[in-house]
Amino acid sequence: MSELASLGREPAVGIYRTMARIAACDQRIQRGLAAGELQFQYYPAGGQEAIAAGIGALLEPDDHLVTTYRVIHDIVAKGAPMREIVAEMYGRKTGASKGKGGPMHLSDPRSGLMVTTGIVGGGAPIASGLALAARMQESKRVTVCSFGDGAANIGAVHEALNLAALWRLPVVFLCQNNLYAEYTAYEQSTRSSSIAGRAAGYGMAGERCDGRDPVAVCAAARRALERARAGEGPTLLECVAPRLQGHAFGSETKHMDAARLEDNLARAPIRSVRARLLQEGLASEAELADIEAGAEREVDDAERFAKDSPAPEPGELYAEIFEDSTLLPEGPEAGGGVSLPEPAPTKMKKGIFGQAVNDALDVALAADPLVFLLGEDIEDPAGGVVKATAGLSTKYGRERVRGTPISEQAIVGAAIGASMAGMKPVAEIMICDFAMVCMDQIANHAAKLRYMSGGRTGVPITIRMLTAGNVGSFGAQHSQSLESWFAHIPGLKIVAASNAFDAKGLLLSAIHDPDPVIVIEAMRCFFVPGEYGEGDYRVPIGKAAVRRAGTDVTLISYSWGMQEVFAAADALGSEGVSCEIIDLRSIVPLDLNTVLDSVGKTRRAVVVHPAVEFCGFGAELSSKIHERHFTRLLAPVQRVGARYSPVPFSQRLEALHFPTADRVKAAVSKAMSWPRGAA
Amino acid sequence: MATTMLRIPKGAVSMREGTIVAWKVASGATVRIGEPLYELESEKSMIEVESPAAGVISILAEAGQTLPVGHLIAEISA
Chain V
1 MSELASLGRE
11 PAVGIYRTMA
21 RIAACDQRIQ
31 RGLAAGELQF
41 QYYPAGGQEA
51 IAAGIGALLE
61 PDDHLVTTYR
71 VIHDIVAKGA
81 PMREIVAEMY
91 GRKTGASKGK
101 GGPMHLSDPR
111 SGLMVTTGIV
121 GGGAPIASGL
131 ALAARMQESK
141 RVTVCSFGDG
151 AANIGAVHEA
161 LNLAALWRLP
171 VVFLCQNNLY
181 AEYTAYEQST
191 RSSSIAGRAA
201 GYGMAGERCD
211 GRDPVAVCAA
221 ARRALERARA
231 GEGPTLLECV
241 APRLQGHAFG
251 SETKHMDAAR
261 LEDNLARAPI
271 RSVRARLLQE
281 GLASEAELAD
291 IEAGAEREVD
301 DAERFAKDSP
311 APEPGELYAE
321 IFEDSTLLPE
331 GPEAGGGVSL
341 PEPAPTKMKK
351 GIFGQAVNDA
361 LDVALAADPL
371 VFLLGEDIED
381 PAGGVVKATA
391 GLSTKYGRER
401 VRGTPISEQA
411 IVGAAIGASM
421 AGMKPVAEIM
431 ICDFAMVCMD
441 QIANHAAKLR
451 YMSGGRTGVP
461 ITIRMLTAGN
471 VGSFGAQHSQ
481 SLESWFAHIP
491 GLKIVAASNA
501 FDAKGLLLSA
511 IHDPDPVIVI
521 EAMRCFFVPG
531 EYGEGDYRVP
541 IGKAAVRRAG
551 TDVTLISYSW
561 GMQEVFAAAD
571 ALGSEGVSCE
581 IIDLRSIVPL
591 DLNTVLDSVG
601 KTRRAVVVHP
611 AVEFCGFGAE
621 LSSKIHERHF
631 TRLLAPVQRV
641 GARYSPVPFS
651 QRLEALHFPT
661 ADRVKAAVSK
671 AMSWPRGAA
Chain A
1 MATTMLRIPK
11 GAVSMREGTI
21 VAWKVASGAT
31 VRIGEPLYEL
41 ESEKSMIEVE
51 SPAAGVISIL
61 AEAGQTLPVG
71 HLIAEISA
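Protein chains in written order, with my numbering: chain V, 1 to 679; chain A, 1 to 78.
Source of the hints: derived by calculation from the structure; they are not laboratory data. Cβ coordinates follow ideal geometry from the N, Cα and C atoms, glycine included. Just to be clear, a hint being listed does not mean it is correct.
[To be verified] Each computed BS3-like pair below joins lysine-lysine, with the alpha-carbon atoms no more than 25 Å apart:
(1) A:K44 with A:K24
(2) V:K254 with A:K44
(3) V:K307 with V:K347
(4) V:K350 with V:K395
(5) V:K254 with A:K24
[Stated by the list, open to error] Facing chain V, according to a computed beta carbon distance under 10 Å, are these residues of chain A, among others:
(6) P9
(7) G11
(8) V49
(9) I76
[Claimed, not checked] Partial selection, computed: residues in chain A whose CB lies under 7 Å from chain V:
(10) R7
(11) I8
(12) K10
(13) T30
(14) V31
(15) A54
(16) E62
(17) T66
(18) L67
(19) P68
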């Protein structure tokens with residue numbers, strides 16, 4: 001072990017000061033828990049203080065940190081204010097995240113703490129994205145991604161490491177190996193003898209060091225940071241520091257080898273570093289006692305501040321889900337839809353839906369240097385599997401139109417991270433069904449980071465995804481419509497255009513929207529000829545379009561469902577039934593006003609969508625209509641969605657699965673002849 | 001003079017109540033921070049609760065009692 005003096009007296013004492021502040025905060029929280037005053041699940045970081053303090057001493061304030069829930073050492077070392085940390089533990093409005101994130105989701109972008117995730121491994125893809133933004137912005141900023149040995153075995157980390165190595169991103173993947181993944185010992189979950197040893201497999205630098213020794217940590221971290229700042233790519237840095245207590249406060253330690261635990265406790269870095277400072281004459285007993293007393297005073301002050309602070313106001317429940325709370329589907333500010341004017345481009349051009357998508361991306365890339373695209377196969381000559389991005393990498397370069405590995409978690413995570421650092425990424429998930437392999441990034445991170453940070457961060461990303469349903473031959477895993485999955489997660493906006501004009505206008509709105517927007521593009525619409533405007537125009541997200549006025553029944557749909565609705569309405573018209581047709585265009589925010597106004601007039605409604613009818617979006621919409629118009633309706637709202645089966649391959653069966661104009665017609669007839677139609 | 005209230009802690013996510021198996025200190029004793037105070041058993045685990053404060057402890061709940069999380073069991077006066 002090299003002398004602490006090799007770090008210099010001031011830095012060595014500074015590292016101990018940070019360790020003492022970490023320990024004081026950690027101990028105080030555990031005392032609050034022991035007294036029964038605090039009641040939450042707390043994951044102590046005892047034993048790992050030297051890792052955070054060592055690396056923290058080398059980071060610039062604007063360097064970014066993404067970390068995981070065993071976190072107190074990381075956030076104190078990165079410089080988050082002690083008062084706000086403790087107030088967040090108490091769930092108070094003065095907390096770092098206004099009491100809405102809690103100890104597992106604390107962020108403080110002012111000190112560079114961008115994300116604390118409660119999902120093991122979930123931060124790594126986002127860290128790559130923050131690093132990507134630094135690269136694209138030509139900044140010297142480095143992102144450190146802190147995770148445990150348990151996270152090294154999760155897929156998201158693998159995808160993130162590969163992408164970061166491929167793109168030589170300025171990120172340090174910091175594996176804090178405390179030899180336990182929750183309650184499972186390292187040897188019981190990992191065959192490889194070191195995590196850093198895996199670095200070679202990714203083509204990146206790897207290094208393993210003693211995480212209890214600040215000298216070793218600083219030496220390795222300095223090399224990793226220099227590498228990142230010099231444009232030489234990422235490092236997988238493993239710092240080994242055995243855990244000194246159970247998984248969480250109050251956990252038993254039966255899973256830990258008692259002799260080994262005792263030995264590790266005797267070698268706790270908070271004590272060993274103190275002893276070395278004294279031994280080397282770098283600090284006197286009085287100086288160290290002063291540092292410790294200062295740390296206690298700081299935590300005293302923070303604890304008083306937290307206890308004196310009020311809980312968040314009830315109005316905070318609905319605040320910071322979207323940037324604009326009037327767009328929520330419920331709550332005191334919910335507006336029931338937006339009333340912005342329709343765009344009126346001066347010149348129109350003819351083209352298919354897919355060309356309108358391409359044009360929107362072209363317009364956005366040309367106008368705004370913050371916009372960039374990423375996804376599988378999107379570069380030329382492929383230009384996307386349905387040519388949505390054809391020509392764009394040639395025109396704007398591969399830095400801004402970035403083909404990726406087949407790594408959906410890395411793609412969405414990179415978009416999330418880049419957006420948090422000011423970029424406007426447009427990610428492509430080739431097929432909607434593949435969203436399920438990155439649902440954690442979409443649902444746990446993109447959707448929630450604004451809320452969990454108390455509005456201090458936001459995720460302005462666009463995720464385009466194609467659904468290949470009802471075009472024949474794609475089968476069960478390339479054909480689903482998952483909009484109601486997304487709609488069930490507060491924080492996500494979802495649009496699904498039915499025509500070329502809206503496809504372009506909604507996509508441009510999505511790209512410039514402050515919140516994550518999922519853009520569902522149906523293959524069945526993709527090659528349909530239409531018309532769209534030239535230049536930049538925006539179709540408001542959250543505004544439905546009344547496509548046809550009518551008096552007998554309101555038909556409500558979106559995406560390719562509109563094709564069946566128009567066909568049914570034409571046939572019904574010739575039979576004397578007058579249909580009013582609403583194209584929702586946005587699922588969330590939902591333009592409920594337009595729907596309710598229409599049904600209030602026609603007194604009958606049929607909701608049509610390509611997704612499975614059972615638990616589909618139609619169920620929600622139908623319920624909303626009944627709640628408002630129960631006594632006014634002449635018939636219960638009818639739903640026409642896909643049958644409750646996986647999408648079958650055989651075209652004969654696929655035709656039975658998906659909604660058709662005939663089924664829409666039958667539903668209208670049932671509504672028109674109610675109650676006779678009830679049978 | 002500061003008094004620290006000692007309540008049944010939430011030792012695990014699912015814990016609703018806990019049993020004081022045995023006190024390791026006597027009422028009226030002077031305790032130190034980190035000194036083991038009592039053994040707490042819940043449906044999932046048995047843990048030793050350490051003192052969150054220094055001072056003279058006044059025990060309000062006897063061993064053997066099963067009490068809900070948050071129930072006051074002792075006070076420590078400094």
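Do the hints match the structure? See the list:
1. A:K44 with A:K24: Distance ~21 Å between K44 of chain A and K24 of chain A Cα, so the pair holds.
2. V:K254 with A:K44: Satisfied, since the Cα-Cα distance of roughly 12 Å is no more than 25 Å.
3. V:K307 with V:K347: Violated. K307 of chain V to K347 of chain V sits at ~61 Å, over the 25 Å cutoff.
4. V:K350 with V:K395: With Cα atoms ~22 Å apart, K350 of chain V and K395 of chain V stay inside 25 Å; holds.
5. V:K254 with A:K24: 21 Å, holds
6. P9: Nearest chain V Cβ about 4 Å off; hint holds.
7. G11: 3 Å, holds
8. V49: At about 5 Å, which falls below the 10 Å cut-off, the nearest Cβ of chain V leaves the hint on V49 of chain A intact, so it holds.
9. I76: 9 Å, holds
10. R7: 3 Å, holds
11. I8: This hint holds: I8 of chain A lies near chain V, its Cβ roughly 5 Å from the closest one there, short of 7 Å.
12. K10: The hint holds - K10 of chain A has a Cβ within 7 Å of chain V, the shortest such distance being about 4 Å.
13. T30: Constraint on T30 of chain A not satisfied, violated at 17 Å.
14. V31: 12 Å, violated
15. A54: 11 Å, violated
16. E62: Violated - the Cβ of E62 of chain A stays beyond 7 Å from chain V, reaching only about 17 Å at its closest.
17. T66: 15 Å, violated
18. L67: 10 Å, violated
19. P68: 10 Å, violated
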